[in-house]
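> Same order as they appear, the protein sequences are chains C, R, E and W.
The UniProt record's numbering applies: residue 1 is where the first sequence begins, and numbers increase by one.
The UniProt record's numbering applies: residue 1 is where the second sequence begins, and numbers increase by one.
The UniProt record's numbering applies: residue 1 is where the third sequence begins, and numbers increase by one.
The UniProt record's numbering applies: residue 1 is where the fourth sequence begins, and numbers increase by one.
Treat the hints as calculated values from the structure; they're not laboratory data.
One copy or two, it doesn't matter: identical chains are merged, so the pair holds either way.
Within a straight-line C-alpha distance of at most 30 angstroms, the following computed DSS-like cross-link-like pairs (lysine-lysine) qualify:
#	residue 1	residue 2
1	K193	K119
2	K330	K320
3	K330	K112
4	K193	K397
5	K49	K193
6	K329	K136
7	K174	K49
8	K330	K136
Note that the structure is predicted; figures quoted are calculated from it, not measured.
4 protein chains.
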Amino acid sequence: MFDSVINLVNSCFHRQYYVHSDDTVAQQIVVHKNSPRGTLFRRAGPAQKVYFDSNDVRACIVTCGGLCPGLNTVIRELVCGLYHMYGVHRVLGIEGGYRGFYSRNTIPLTPKIVNDIHKRGGTILKTSYGGHDTSKIVDSIQDRGINQVYILGGFGTQNEATLIFEEIRRRGLKVAVVGIPKTIDNDIPVIDKSIGFDTAVEEAQRAINSAHVEAESAENGIGVVKLMGRCSGFIAMYATLASRDVDCCLIPESPFYLEGPGGVLEFIERRLREQGHMVIVIAEGAGQELILPSDKSNMNRPDAASDDLFHDVGLWLSLKIKDHFARNKKMTINLKYIDPTYMIRAIPSNASDNVFCTLLAQSAVHGAMAGYTGFTVGPVNGRNCYIPFHLINEGQKRVVITDQMWARLLSSTHQPSFVNPQHNTEEAKITLLI
Amino acid sequence: MFDSVINLVNSCFHRQYYVHSDDTVAQQIVVHKNSPRGTLFRRAGPAQKVYFDSNDVRACIVTCGGLCPGLNTVIRELVCGLYHMYGVHRVLGIEGGYRGFYSRNTIPLTPKIVNDIHKRGGTILKTSYGGHDTSKIVDSIQDRGINQVYILGGFGTQNEATLIFEEIRRRGLKVAVVGIPKTIDNDIPVIDKSIGFDTAVEEAQRAINSAHVEAESAENGIGVVKLMGRCSGFIAMYATLASRDVDCCLIPESPFYLEGPGGVLEFIERRLREQGHMVIVIAEGAGQELILPSDKSNMNRPDAASDDLFHDVGLWLSLKIKDHFARNKKMTINLKYIDPTYMIRAIPSNASDNVFCTLLAQSAVHGAMAGYTGFTVGPVNGRNCYIPFHLINEGQKRVVITDQMWARLLSSTHQPSFVNPQHNTEEAKITLLI
Amino acid sequence: MFDSVINLVNSCFHRQYYVHSDDTVAQQIVVHKNSPRGTLFRRAGPAQKVYFDSNDVRACIVTCGGLCPGLNTVIRELVCGLYHMYGVHRVLGIEGGYRGFYSRNTIPLTPKIVNDIHKRGGTILKTSYGGHDTSKIVDSIQDRGINQVYILGGFGTQNEATLIFEEIRRRGLKVAVVGIPKTIDNDIPVIDKSIGFDTAVEEAQRAINSAHVEAESAENGIGVVKLMGRCSGFIAMYATLASRDVDCCLIPESPFYLEGPGGVLEFIERRLREQGHMVIVIAEGAGQELILPSDKSNMNRPDAASDDLFHDVGLWLSLKIKDHFARNKKMTINLKYIDPTYMIRAIPSNASDNVFCTLLAQSAVHGAMAGYTGFTVGPVNGRNCYIPFHLINEGQKRVVITDQMWARLLSSTHQPSFVNPQHNTEEAKITLLI
Amino acid sequence: MFDSVINLVNSCFHRQYYVHSDDTVAQQIVVHKNSPRGTLFRRAGPAQKVYFDSNDVRACIVTCGGLCPGLNTVIRELVCGLYHMYGVHRVLGIEGGYRGFYSRNTIPLTPKIVNDIHKRGGTILKTSYGGHDTSKIVDSIQDRGINQVYILGGFGTQNEATLIFEEIRRRGLKVAVVGIPKTIDNDIPVIDKSIGFDTAVEEAQRAINSAHVEAESAENGIGVVKLMGRCSGFIAMYATLASRDVDCCLIPESPFYLEGPGGVLEFIERRLREQGHMVIVIAEGAGQELILPSDKSNMNRPDAASDDLFHDVGLWLSLKIKDHFARNKKMTINLKYIDPTYMIRAIPSNASDNVFCTLLAQSAVHGAMAGYTGFTVGPVNGRNCYIPFHLINEGQKRVVITDQMWARLLSSTHQPSFVNPQHNTEEAKITLLI
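Chain C on its own, in the form it takes in the complex (with noise of 0.2 angstroms):
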């Protein structure tokens, strides 16, 4: 069809290369006998027919949300991917989120330009939380003669994106848009992790070696330390996994509770009787329904921008350890409390998220050449794929708890499960009949 594109992709990808247009990846990988494979999604990759005219495509990039390691990768691979595998040379970004469809000048983007951005943290196209407005962007995309719209964002990113997709379908525009998941707490349904996690879990590492060393450098020394993750405690849990020097580990999963047998702060009297200090981590939505109105009062930060909805649970734990055991003024503690967010989400990206961020980002690419749109591209059982707006949207938000992993961390930190007695013996009694 459009022959110089062709030839362009043939001298980047072998004849072998080519994903075939019925490759699909099963979502069901552990598998029983005759058991089904569950939802089939669309392997991700260059496609023999390639749809868009290289000289007629107007792509552009938008950046929405908080940060998190990996979006100026993505944005220099987009960049790169279109203009060395496609021979796309028009590519605008959008700046400050949203918002800037309207509201702001667009960005000419070229490989020059984005050449090392993958070394910086954050977002050269800026971003921001809210800002959107369908009918207002999709006039952009189209008094712009914008064809391909690739949006990084959250879930809720990736909800407005589908807003995009639909008006413009409404319209009748053959706009390709894209979703490339960006959510540091790895919460986005269906795919196996989104941009960013790796590095946040290194950096994590940090946070926690010196709450450590803060805790064990003093008499009965607690180190608590905030991390990431609203409705999934992923980011704590594998922190705490890598790190091993983590105690305790709260996570939105698990409901928790703090005094009488069997709670939080019995645990922490007998952890720090037993080795003298302790390490907790805590999932920024964890235990959001224990925060009485009362304490909120004492809790008055200053960054909570587009968080009003979150009370700094860390503050709000550590407030609470330090009156139980004033209190009860059976030990004195020393109590540091470390919110590592901002130092975590703003480095760049690592060597691993790169590799996943630059194969994301072309798969992108070679979704929206080949003609795709309204999907979100994400690895599903390690392979990327095209995976539906709806299927992102109507999915449920991963959670930890349905995974091996927390029974691993369990097992690794030896604290106890926090739930009510009711729940402990109906398990014993499942243990006895085996």
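Based on these hints, arrange chains R, E and W on the given structure of chain C.
Leaving out everything else, chains R, E and W in the frame of chain C:
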């Protein structure tokens, strides 16, 4: 059966985390309609039925071959996993590789002793090449009453583990023999990746960055970095993809030639003319067939040790490039050669590898405690499985070239494929059919 | 005198390395014609005449106050210096600060025990604030037969060391009391710098970098970083000079005001208009006089501990900035506040501090072995000296403002001096005279 | 005189920060009663009387010789210092070392262009060895109307700067020639230290750590690390002192011999017997006199470049050690040789060096603007001074051996001094007199 064990296990694992005995992982994940699933591997995890009574278990751990990041983490987690998950208190360290079985005393390993070792590179058990003597080793196992043998090593080591496994069967001993794949080259068949690989790719960035800075700061500067990889170029390829500063990546799986049109030297000349500097990454096993005996006299490196069969291809390539430009007098070059091998393999594992090593060690322990033997533990499509030794030994070493990744790399470095003209033509022909 | 010691010392030090007993270091190094040299300090180093017989020495080490990088290195080098340079084999660790003298058992310290501790942050001896009880401490020293006391601590700790020194003199005991200056604030009088300072400045770069990335990635992004420094802004100033990304540095020695013309808020507004983002570094002791009681209720931080007198000025400033822009409605800002305190002070010392700590510890040992007492060891104009306690205690805390460096910083950040208009006029007048 | 400049300067510097024109720094700081102060050096800093009108200034910057950390920081701060402190807007970069003056176009340098370069290693101006042609260079300076020349380079470069300075004087040009000492070896006379040194010592720790891990993980493991230092062993010595893992440090200033009693090989054997492994650090200039022509054929290293006069002593030592143990058959050793040279010198400068580079560059600018010429700027006893070229050129290169530090190192590694027996006896005799 063994109630004490079962109770201990139950306190660690909720019922739902037991692996069903018919849980398998399909090797074939990219599927077409009704396509076969390939080999199915038994999924690793805690079994409901435990074979060993923990009071009777006497486990031993041995590390063989060269260093790679993560050995100490695996040792730590084997010891802690046996102790905390199953109550096994008698774990012995075999010192200095296979020959330690018969020529050295064992070292008792406890959670306290191994508590912090994951923060250090190398192996606290020391390691060595060779020294395998099946009957002496099995004598030692028998004499010491050992009934679980954990062997960390690469392809060769896993082969030798099979000999131990078979001799043990021949003697009718009830001893679990478990292999844990350790090769920084990442070339072990069947499994997704081996321990230390992520860390190695990360650390390789330092060498590549330095080569890039040296190259950029000189006129016609060339930075050459040699990375590990004898049969496969995984580290070289991933490090190149992660860096984006590499202009040419040479690996064992993709033959190349130096002189003449389409050769590496011509490409170097062109790239220098275009951008004034360049970075070359070469895997240690690349181009071995091109090294003539006469070249070798120039490369008497002191640290050959067990590496006698491999000539320092980075040194060889550097000399060839220097000779070429000295001879042609077309341009004066400034070449800097960096061999970061020991600086990469001796560092502690990063967070991602720490999690990987933990899960691998726990899987190994679950497998042995369940009574499985003669298997290597490793991830298949992202899930840890028990892989019978023979599938590892008979499998072909993993290579890069079958992977889509190599195409991605070529499109990222824009290097030619350095293959012969015929091959090129053939490709061209095919693409015309589209 | 003590031949065995002398021989041991001789085997370590060539004759020329002895410090002459009348070697002194001049405090005044910038000199005019015939200007006085200021105080002369006795140079530290091995003396030809050793006071103690090493067989009789019973040394002890104690760490007091907050953490700073390098404590473990000093402990290690005191132990190794005493052992290897003088053959002293009996060194005790006092655990948990001053109160450890009378409320805890001592820990024997040997070269083997301390061999690797310099690679870890914190202090293996644990530390605490307060707990000083002169007579109980000297009782303990006397009862245990200790005759060398090495005290690591900051300004307060050195003051208390004087009390111990005087009580010991009053009792007529032959005990050397040696202070080793430990304060990350770097505010100890007379000496050039204290341990851990270089490491702290290095590590502070991470926080500043993150603040910079966050600020750059948002519209009107402001990154606020609080760094250590109660009476002096050394860390803030050096970290700012090292980074070059900081737009405004606020320190205790240089008063400022927020509102009105020439104030900090006006400057922030201007800088945001000019470049769209900015980074502010504030030392913890800056602007304390501006914090009103009504502000304090908002800042109930959990980790106040011994820090009760200081309010979190970073939090306060962040709230003030947010309030200002919320009120004025001129621009929407995005402020991120980072407090890296514990992540900085808990890391291991870097190479430069390791060398510094080694020389300091060796100097301390030489001084005590030569029979000196009642002194703090520290660098004066780059040479380690013995400084009598009273010169430290009576000296004024070191401050930044007398230093040329502050002028350099102002010329580097281009921030105004935030002083009152009168002062500005006066300056202008003077310069007209030139 | 030039009011505009003065006002600008005044806005930067409070009155008290001007350097008095008779401020000097005494070279001799360790003093005895009435001892002479040695040479007095003019203290660097802003002068009250500015020589150049900033509108007339045309400055240029050139980097010569090998890389070291901090070059880009100095370039940045020269440009920003001239611009912000004095309003000088015309600064040219000379590309590729001395030969760039006559064979290349110049590059305009502005604060915007250099804003982020301090975060990258190397030099954005590129560098080269040689190429010095006094009259061509001065022709170029004259033709381009340059009146301030900033030359970054080591001992040789500073010598050549003198030739330029003298030719300029001969021609009667009003051109300030300023040297900025750049040598990672730290061997420039008079000054305390040169840029990049701290960073180099820090980065060398990685190589030493790796050598230590490799040595510890093998039977009779020996790790050999070669570090920079041709005439002086500063990096080797400081890296050894910082690490505490080094058993033997060999430097140019302290001769040694391999074979026989008291030789290095005997020491290695002893240390291996004692502790089973060891780490050796060798400076590149150590033992050059021991390398026989016959050894050299084995050491044809590809990256000799300008380094032809120096043979790879690390490689040579490694071969000698391997030969020795292969011959003696007393023990099997495992030797790993690490040459981290390029990985050290190509990294960005750390915080401490960034501050140092900033002050040095600002001092250089103040000196030139005040009308001084023919000087090198550098720290003497911790204060930056203007040092006339001839005192640098006629001075002896700085060496380690006159320093107390070497004694400290010997007492830290417990290595013998490897000197001949006569010398030892002489020492013994002297110490008996005490």
